[in-house]
Amino acid sequence: MTPFTFVPVSDVPGALRLAGEGTSFIAGGTNLIDLMKATVLRPTRLVDINRLGLDAIRPTAEGGLRLGALARNAATAWHPLVREHYPLLATAILSGATAQIRNMASSAGNLLQRTRCCYFYDTATPCNKREPGSGCSAIGGLARQHAILGASAHCIATHPSDMCVALAALEATVQVASPRGERTIVFADFHRLPGDRPDLDTTLAHDELIVALTLPPADEFRAHSVYLKLRERLSYAFALVSVAAALDLDDGTIRAARLALGSVAHKPWRDPEAEALLVGQPPTEASFARAADALLQGAVPQGEGEGSNAFKIPLAGRAIVRALALASAGTVTNHAEDAP
Amino acid sequence: MGSSPPTVRIAVVVNGKPATVVADVRRTLLDLLREDLLLTGTKKGCDHGQCGACTVLIGGVRVLSCLTLAVMHDGAEVTTVEGLAQGDQLHPLQQAFMEHDAFQCGYCTPGQLCSAVGLANEGHAKSMDDVRELMSGNLCRCGAYAQIAQAVAQVVLGPGPHASEVARRAWIAGTTVNARMRTPEEPA
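Protein chains in written order, with the numbering used here: chain A, 9 to 348; chain B, 141 to 328.
Hint data in this document are derived by calculation from the structure and do not stem from the laboratory.
Don't be surprised by glycine CBs; every beta carbon is placed ideally from N, CA and C.
Hints may contain errors.
To be verified - One-sided excerpt, in silico: chain B residues whose CB lies under 8 Å from chain A: (1) T160; (2) V162; (3) H188; (4) G189; (5) V203; (6) V211; (7) S255; (8) G258; (9) N261; (10) H264.
Whole structure, please, built from the sequences with the hints as guidance.
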């Protein structure tokens, strides 16, 4: 780690006063400390926000749920209101990382975690995300974990989160504070595509601090929600492809659908037009396949031979159909406590 | 509110004993335990958050001591493997690990034990499959997983033997079985 000064803060205004270039806020630290050890990130000042009191999880007046920015992933996944009303979110969180990491990691930190692109981590190789303008080693390199959608000529990294795929499907919003006041960012606008600025993962400004996430009411989906994660081993691995699928079924007809993909792009991948194709349809494989084709429109493989990720395109297509079929039959959770 | 100097004074309570250390602000909790407090039971495996060997309990909650700065835990109560036994009385999980021969080289064992104590405190494991999934953050390169899972299950779920439901269903279906538990009644 390169040297830094460490400043604990006890209130949001105090944190905001220290925000800006060179400063990193630290919450769980599970990704930040790792990246600092590798000198991928070299903040000159760490501002410890763990004592800001932003841990609460509480219902909103609108019938939704507000997750404090510092609510730990484990506290969120096991919260009775999350498990009852947002099984998709609970399941997605529990499919990621490990119990120890979920005990440490915060909601806001999950959103702000960096890509696990191996070239981003390897300071001996060029990376436009790490060192803008140096080039992209993943293009033409080992691309199994890389994007099939929304990539650019400068970066093909993916966002690695499971939690964020569920948050995208549930249309969460992100509340941020800055010296200019508070603002709300809709989830689809929070993460960005790499374009010609892959160094920017999100639309958050340097002097902004996430204070909460808000989930709108989603009870129409809770009986038909599935998070399907496909990976190289059964536990503690990032997804090759993941699917958040939620259906609102009315007597054999789909009234509304949500569909988001993880680990295929620089952000959770959603397309409201693909979801609209499902509305009014029966929950059949044929209608699921049409939605899958629409969501994967424009998919492009990366890499060659052993490094190719071309397999992810058919894998994602089949995973979407499978997740929607499972969701039409009921909600799937990943824990025996939830067994009927 | 001023910036801290490069070294900081950190007060922690480890295994019930208060300790104050002046350390580099970059000190991880793991290095503070091992290098400053000479509690070398907690192991440094990958130093990268991927193996779980450095698992300790902070306020009874299991965390990775390699991925957190000591300075972030000023005032915290930390429990390491050295704090699990009460004198000569082993912790029930330590006893269970011995009964089930849940190790070979032993390097991962302190992390496995602290992780299992955290698992028991959390109270979410209701089946052998839960135990296996919720212990997945602790790697054992000797491959003693079957015995570790039995030892943890004996304490967390009650007297065994415990079978993995996934493996049991696969066994019944005649499909791939790669993790069927040997019960104590069965020959090796």
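Practice item. Report the numbers of all earlier hints that the structure fails to satisfy, in ascending order. Key: Those not satisfied are hints 1, 2 and 9.
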